[in-house]
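Be aware that the sequence shown starts at 1, since it is given in the numbering used here, and climbs by one per residue.
No lab work stands behind these hints, which were simulated from the structure alone.
Careful, some of the hints might be misleading.
[Unchecked claim] Lysine-lysine pairs mimicking DSSO-like chemistry, simulated, CA-CA at most 30 Å apart:
no. : residue 1 : residue 2
1   : K50       : K90
2   : K90       : K120
3   : K51       : K124
4   : K22       : K35
5   : K24       : K35
6   : K74       : K35
7   : K124      : K22
8   : K25       : K88
9   : K45       : K124
10  : K35       : K124
11  : K22       : K88
12  : K45       : K74
13  : K25       : K35
14  : K88       : K51
15  : K24       : K51
16  : K90       : K51
17  : K51       : K22
18  : K50       : K35
19  : K120      : K50
20  : K25       : K50
21  : K74       : K124
22  : K50       : K88
23  : K51       : K25
24  : K25       : K45
25  : K50       : K74
26  : K74       : K88
27  : K120      : K88
28  : K22       : K45
29  : K120      : K45
30  : K45       : K24
[Claimed, not checked] Pair ranges (Cβ atoms, derived):
no. : residue 1 : residue 2 : range
31  : G31       : E137      : 12 to 22 Å
32  : L134      : K35       : 12 to 22 Å
33  : I15       : K124      : 20 to 30 Å
34  : G31       : T122      : 25 to 35 Å
35  : A130      : G39       : 42 to 52 Å
Every value quoted in this text rests on a predicted model; they were computed, and no experiment measured them.
Think of the CB as a built atom: it goes at the ideal place given N, C-alpha and C, for glycine as much as any other residue.
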Amino acid sequence: MKPVLVEQLEDGTAIKQCSVCKIKKPVTDFGILVKAVSGLRYSCKACDHKKHRRLTYNLTDDEYQMLLEEQNNKCAICDITQDEHYIKTKRSLHVDHDHNTGQVRGLLCNPCNRGIGYLKDTYKTVQRAAEYLLRNEVD
1 MKPVLVEQLE DGTAIKQCSV CKIKKPVTDF GILVKAVSGL RYSCKACDHK
51 KHRRLTYNLT DDEYQMLLEE QNNKCAICDI TQDEHYIKTK RSLHVDHDHN
101 TGQVRGLLCN PCNRGIGYLK DTYKTVQRAA EYLLRNEVD
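Please construct the entire structure, taking both the sequences and the accompanying hints into account.
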């Protein structure tokens with residue numbers, strides 16, 4: 001007998017067990033994997049993000065949580081909370097890092113992370129952008 005990959009709850013919610021954390025979660029918590037029998041990734045998005053942070057930034061989940069606590073559960077730039085960011089994007093705060101050294105600088109929401117990226121991650125460019133906004137501020 002084949003194992004049940006996706007279960008249907010009485011309320012109609014489809015759930016699946018994560019292969020990493022072993023928690024049964026709604027199928028919306030899993031990414032798509034066309035090759036899989038269920039059409040879903042084996043591990044949930046939260047476990048995938050933890051693995052990505054560990055492999056890409058050498059950052060454990062405990063270290064990520066410490067950074068988050070140090071920043072009062074907020075983006076280091078705009079102060080949006082982790083919860084507000086998750087509600088809007090379904091993602092946790094991004095790990096911001098120096099692209100030359102790989103050193104982790106902090107946790108940012110998606111708009112702030114992209115914003116400093118578009119400004120080439122340099123203080124000089126960000127400063128010029130701030131000065132531009134000040135010069136053109138409308139009362």
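So, going through the hints one by one against the coordinates:
1. K50 with K90: 15 Å, holds
2. K90 with K120: This hinted pair holds, its Cα atoms lying about 26 Å apart.
3. K51 with K124: 34 Å, violated
4. K22 with K35: It holds: about 21 Å lies between the C-alpha atoms, which stays within 30 Å.
5. K24 with K35: 21 Å, holds
6. K74 with K35: It is violated: about 37 Å lies between the C-alpha atoms, which goes past 30 Å.
7. K124 with K22: 47 Å, violated
8. K25 with K88: The given pair, whose Cα atoms are some 20 Å apart, holds under the 30 Å limit.
9. K45 with K124: Not OK: K45 and K124 at ~36 Å, beyond 30 Å, violated.
10. K35 with K124: Not satisfied, since the Cα-Cα distance of roughly 46 Å exceeds 30 Å.
11. K22 with K88: 26 Å, holds
12. K45 with K74: 21 Å, holds
13. K25 with K35: 20 Å, holds
14. K88 with K51: Holds. K88 to K51 sits at ~22 Å (cutoff 30 Å).
15. K24 with K51: Between K24 and K51 the Cα gap is close to 19 Å, so the pair holds against 30 Å.
16. K90 with K51: Given pair K90, K51 holds - Cα atoms ~17 Å apart, limit 30 Å.
17. K51 with K22: Satisfied, since the Cα-Cα distance of roughly 15 Å is no more than 30 Å.
18. K50 with K35: Roughly 23 Å separates the two Cα atoms, so the pair holds.
19. K120 with K50: Measuring from Cα to Cα gives roughly 26 Å; hence the hint holds.
20. K25 with K50: 17 Å, holds
21. K74 with K124: Judged against 30 Å, a Cα distance of about 25 Å means the pair holds.
22. K50 with K88: 20 Å, holds
23. K51 with K25: At roughly 18 Å apart (the allowed maximum being 30 Å), K25 and K51 satisfy the hint.
24. K25 with K45: 10 Å, holds
25. K50 with K74: Holds - the C-alpha atoms of K74 and K50 are around 18 Å apart, at most 30 Å.
26. K74 with K88: 14 Å, holds
27. K120 with K88: Measuring from Cα to Cα gives roughly 25 Å; hence the hint holds.
28. K22 with K45: 13 Å, holds
29. K120 with K45: Status holds; Cα separation ~29 Å.
30. K45 with K24: 13 Å, holds
31. G31 with E137: 12 to 22 Å: 43 Å, violated
32. L134 with K35: 12 to 22 Å: 53 Å, violated
33. I15 with K124: 20 to 30 Å: 50 Å, violated
34. G31 with T122: 25 to 35 Å: 33 Å, holds
35. A130 with G39: 42 to 52 Å: 47 Å, holds
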